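Q: Please model the complete structure; the sequences and the hints are all you need to start from.
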Amino acid sequence: MALALSRPVPRSHLSPGQLLVAGAIAAFLLLFLVVPVATVIYVAFTEKGTGAFTLVNFLDFARTDLFVRSFWNSVYVSGMSVVWASVFALPLAYLTTRFEFRGAALIQTLGFLPLIMPPFVGAVAMQLLFGRNGTVNLLLDDWFGVKVPFMDGLNGVIFVQSVHYFPFILINLSAALRNIDRSMEEAAQNLGSSGFRLFRRVVFPLALPGYLAGASLVFVKVFDDLATPLLLNVKDMLAPQAYLRVTSIGIADPMGYVIAVVLIVASILAMWASAAAMKGRDYATVQRGGGGLAKRRLKPWESALAYGIVGLILLLVLAPHIGLFLLSIATIWSFSPFPDAFTLAHYARVFGESSIYIKNTLIYATLAGLIDVVLGTAIAYLVLRTRLVGRHWLDWAATAALAIPGVVLGIGYLRTFYGVTLPGGTPLAALWIMVVLALAIRRLPYALRACYAALQQISVSLEEAAENLGATKTRTVRRVVVPLMTGGILAGFISSFSTAAVELSATLMLVQSNSDAPLAYGLYVFMQSPAGRGAGAALGIVAVLLVALSTFASHLVVERSQRAKGAAQ
Amino acid sequence: MAAPIPHPAPRTRAAGVRVEGVNLSYGTNHVLKDVNLEIRPGEFFAFLGPSGCGKTTLLRLIAGFNQADTGSVIVGGEDISGLPPWKRDVGMVFQSYALWPHMTVRRNVAFGLEERKLPRQEIEARVERALDLVGLRHLAERRPSQLSGGQQQRVAVARTVAVEPKVLLLDEPLSNLDAKMRVQVRRELRDLQQRLGITTIFVTHDQEEANTICDRIAVMSDGVVQQVGTPMELYERPANLFVANFLGTANILEGRIQGQGPDRIFNIEDGIVLPIPPDAVVPADAKLVFRPQDAALDRVETGAVPLPGTIAHREFLGSSVRYGIQIGGTEIVVDTPFQSGNVLHEPGRPITVSVSPRSALWLAS
Ligand SMILES: Nc1ncnc2c1ncn2[C@@H]1O[C@H](COP(=O)(O)OP(=O)(O)O)[C@@H](O)[C@H]1O
Ligand SMILES: [Mg+2]
Numbered sequence: 001m002a003l004a005l006s007r008p009v010p011r012s013h014l015s016p017g018q019l020l021v022a023g024a025i026a027a028f029l030l031l032f033l034v035v036p037v038a039t040v041i042y043v044a045f046t047e048k049g050t051g052a053f054t055l056v057n058f059l060d061f062a063r064t065d066l067f068v069r070s071f072w073n074s075v076y077v078s079g080m081s082v083v084w085a086s087v088f089a090l091p092l093a094y095l096t097t098r099f100e101f102r103g104a105a106l107i108q109t110l111g112f113l114p115l116i117m118p119p120f121v122g123a124v125a126m127q128l129l130f131g132r133n134g135t136v137n138l139l140l141d142d143w144f145g146v147k148v149p150f151m152d153g154l155n156g157v158i159f160v161q162s163v164h165y166f167p168f169i170l171i172n173l174s175a176a177l178r179n180i181d182r183s184m185e186e187a188a189q190n191l192g193s194s195g196f197r198l199f200r201r202v203v204f205p206l207a208l209p210g211y212l213a214g215a216s217l218v219f220v221k222v223f224d225d226l227a228t229p230l231l232l233n234v235k236d237m238l239a240p241q242a243y244l245r246v247t248s249i250g251i252a253d254p255m256g257y258v259i260a261v262v263l264i265v266a267s268i269l270a271m272w273a274s275a276a277a278m279k280g281r282d283y284a285t286v287q288r289g290g291g292g293l294a295k296r297r298l299k300p301w302e303s304a305l306a307y308g309i310v311g312l313i314l315l316l317v318l319a320p321h322i323g324l325f326l327l328s329i330a331t332i333w334s335f336s337p338f339p340d341a342f343t344l345a346h347y348a349r350v351f352g353e354s355s356i357y358i359k360n361t362l363i364y365a366t367l368a369g370l371i372d373v374v375l376g377t378a379i380a381y382l383v384l385r386t387r388l389v390g391r392h393w394l395d396w397a398a399t400a401a402l403a404i405p406g407v408v409l410g411i412g413y414l415r416t417f418y419g420v421t422l423p424g425g426t427p428l429a430a431l432w433i434m435v436v437l438a439l440a441i442r443r444l445p446y447a448l449r450a451c452y453a454a455l456q457q458i459s460v461s462l463e464e465a466a467e468n469l470g471a472t473k474t475r476t477v478r479r480v481v482v483p484l485m486t487g488g489i490l491a492g493f494i495s496s497f498s499t500a501a502v503e504l505s506a507t508l509m510l511v512q513s514n515s516d517a518p519l520a521y522g523l524y525v526f527m528q529s530p531a532g533r534g535a536g537a538a539l540g541i542v543a544v545l546l547v548a549l550s551t552f553a554s555h556l557v558v559e560r561s562q563r564a565k566g567a568a569q
Numbered sequence: 001m002a003a004p005i006p007h008p009a010p011r012t013r014a015a016g017v018r019v020e021g022v023n024l025s026y027g028t029n030h031v032l033k034d035v036n037l038e039i040r041p042g043e044f045f046a047f048l049g050p051s052g053c054g055k056t057t058l059l060r061l062i063a064g065f066n067q068a069d070t071g072s073v074i075v076g077g078e079d080i081s082g083l084p085p086w087k088r089d090v091g092m093v094f095q096s097y098a099l100w101p102h103m104t105v106r107r108n109v110a111f112g113l114e115e116r117k118l119p120r121q122e123i124e125a126r127v128e129r130a131l132d133l134v135g136l137r138h139l140a141e142r143r144p145s146q147l148s149g150g151q152q153q154r155v156a157v158a159r160t161v162a163v164e165p166k167v168l169l170l171d172e173p174l175s176n177l178d179a180k181m182r183v184q185v186r187r188e189l190r191d192l193q194q195r196l197g198i199t200t201i202f203v204t205h206d207q208e209e210a211n212t213i214c215d216r217i218a219v220m221s222d223g224v225v226q227q228v229g230t231p232m233e234l235y236e237r238p239a240n241l242f243v244a245n246f247l248g249t250a251n252i253l254e255g256r257i258q259g260q261g262p263d264r265i266f267n268i269e270d271g272i273v274l275p276i277p278p279d280a281v282v283p284a285d286a287k288l289v290f291r292p293q294d295a296a297l298d299r300v301e302t303g304a305v306p307l308p309g310t311i312a313h314r315e316f317l318g319s320s321v322r323y324g325i326q327i328g329g330t331e332i333v334v335d336t337p338f339q340s341g342n343v344l345h346e347p348g349r350p351i352t353v354s355v356s357p358r359s360a361l362w363l364a365s
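Protein chains in written order, with full-length UniProt numbering: chain A, 1 to 569; chain B, 1 to 365.
These are computed hints drawn from the structure, not numbers from a lab.
Computed spacing ranges between beta-carbons, pair by pair:
| no. | chain 1 | residue 1 | chain 2 | residue 2 | range |
| --- | --- | --- | --- | --- | --- |
| 1 | B | Asn23 | A | Pro300 | 21 to 29 Å |
| 2 | A | Trp272 | B | Arg120 | 30 to 38 Å |
| 3 | B | Gln67 | A | Arg178 | 19 to 27 Å |
Residues on chain A that point at chain B, a partial pick, calculated with CB under 8 Å:
| no. | residue |
| --- | --- |
| 4 | Asp181 |
| 5 | Ser183 |
| 6 | Met184 |
| 7 | Glu186 |
| 8 | Ala187 |
| 9 | Gln189 |
| 10 | Asn190 |
| 11 | Leu191 |
| 12 | Gly192 |
| 13 | Ser193 |
| 14 | Val202 |
| 15 | Pro205 |
| 16 | Leu206 |
Because the structure is a prediction, the values reported are computed rather than measured. Glycine included, C-beta positions come from ideal geometry on N, C-alpha and C.
A: Okay, here's the thing in structure tokens:
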């Protein structure tokens, strides 16, 4: 994480407390991130049994048709998902930022909705709507006598993933478009450029960094996702293969580890490629002056066309939500465009016998969120406010979790902690607390960022004033720093909480019994049998509401703390 | 830019600019009020006025980025009011320079020529020429972010003049430079304009900038053109109090005009009265205005009536001394030249101030 320090770090004396905290964080990251990942890599490169270094596992990988095909399938699906996500995101971003467009804010908000639902949940609803015997195809067959294989094989994964992840491109591209200094465009017009040439030569190149950031994120997320292909019964992709190897053949089989290493490398490569492509292209600091792109007025027919396009895209990307809701209140829905009758029984079931899933989710996500903000605040403080040697390593290690797919972390935990048994004989890896730790590690980079932002906004002089009045470092942190960071910390907590609540990849590997399972796992179990789908959908709706509410809450918190700070200045 | 020109300067088609009856509002904010201007071909013209008075708005109107509610813009005899910006052939240098960060200096400068679909060889030749003109040929392959503020400004100018527009518009082109660069660059701009002979409109809020390099200036306030004239005309014969105040320092004495014809007097305060010269044109509600260097202390100018005052304070400025003098309820300033050996007046001392009728201005707001 690149940190621009706007003020000199105070020349502080290291207190034993700081050393202790730094040591504890280092130990935590080492134990629950570095060691498991290193173990995975180590196993992939060693001979089974002897422990000698070898590349034979990778040769096996390259010689096995299934793996090679899985690899290319993963690349293809990720690439096509980026393409389709761009197709959805580009018009929305361009139309809402570039033209006077009624409801632009609403469209942007609706555009984010897909993110608050786990993609595999949407997959089931998409099957019902777009599958071979889904609503759309039944209607198409009725009217025109054709069926379109939207959801067949890899198509289905691409469709579901691009609908789910396109907001990443929308968010980044819209922000980039809004940040373009309006005079950049006017200068081009002044020199004789207009229309599509203007877009191609000036506007899009300036927005390219934002687009690439979003596109690479989509690529990595799709590449690493486990649950969606599994639920769509697509097994010849990399992440499902890793999972199936480890769960069906066992944790001793090296192939799962080799695939894990391939996943890590692909993640890092994609991030590196986007960073390299953006090198020297971050224009935000070069542009001066004010105002985003000048907004144009649309002619009536252009306006009608634009609203038509936007409406169609929104309908498409919101289809999973609509389908899921219908499914959650349907008695039977199969081989018919719409459900036959409606019922609330699924909700009763979810809140009755299956409420354990909700309870577990609340506990796990809360704990993971707490761990994240404690670690995040401490790391941010150590990096920004002390001169502790090696403090940046903590930052880098925590941020590196971004590049570790959930499956990989899950495999690493199984391997590392299975051998460790508790006095009662249970392996450490089977404890539910492992799920919490994995969730915490996975979400830590995001929480850390929120904490950094919060701390950077606090002037050092506020702390110096406290020290000047006799407060020690520790007391200053407690009485001045943490209270001022509350808004940012809370926002970090909520974002960790809400994403941890629907995370599945690592969970799928670590959950050992139904009674320990969180909501996402329960969803997955439900969704696998036709009979469970109604209840699964109801559980999905609960998950969506949970995430939506906490996202909204974090929004309020951030806004309120900003207002309060504004008023204090 | 100081280097001799290696190529003959490009010939531009100098065109006059006429702004006729322009009104423009942003919602209820009436920003330009019946603006009429005539800018001659090849002239270096300034829009001068305090910030927020509508200079940028007027300039962007000429470039086509703002739409007038009424009125028209005529360039070289052609009414361009209905044309979009990219068809106007009116080159604008933006206050922020607006150099595209994703292109090198060369690509930036070539952009407008490429949009005009010129043959490649001609584009190359004209890019070189434009870069020579601003002395930046050696930096052609750099990115804008690798240039200093002054260099960026020159690239922005080169990019605009490369297309040889009919008119060159400069929106506060010096405002992003430090004070020393500003003086140098403004000279270079003037030099370049002279060589190209291009009609140029220069927007600034700094009277010194406008005075030093422009042929004529339109002084604007609150969306209204107050006066148009050469720098000297504006200084010597300001049309109203605003212009007098905005260009240089002016003393303003309030009073009542009493009497008729040759007996008119200006009653400043009880006991302080000035006769008004019979030939002076004095608008109703006029005030007496004069420049600090146009008054004499303890010495009566021909035809002048001295005013009694007291020295309130004194500033020694080296080549001159500025006295603050209390006359009745008003404080005025008077500059006197300083030569070695002069004795200064002490604060608190009574003194007379006299203004020759030639230098006295009678202005209303
Ligand atoms: N896009 C705009 N929308 C609304 N008001 C504007 C806009 N641009 C300028 N104004 C207003 O018009 C007035 C003149 O602005 P401007 O032409 O930028 O002044 P100047 O360049 O002389 O400083 C100001 O009161 C400003 O607030
Ligand atoms: Mg301006």
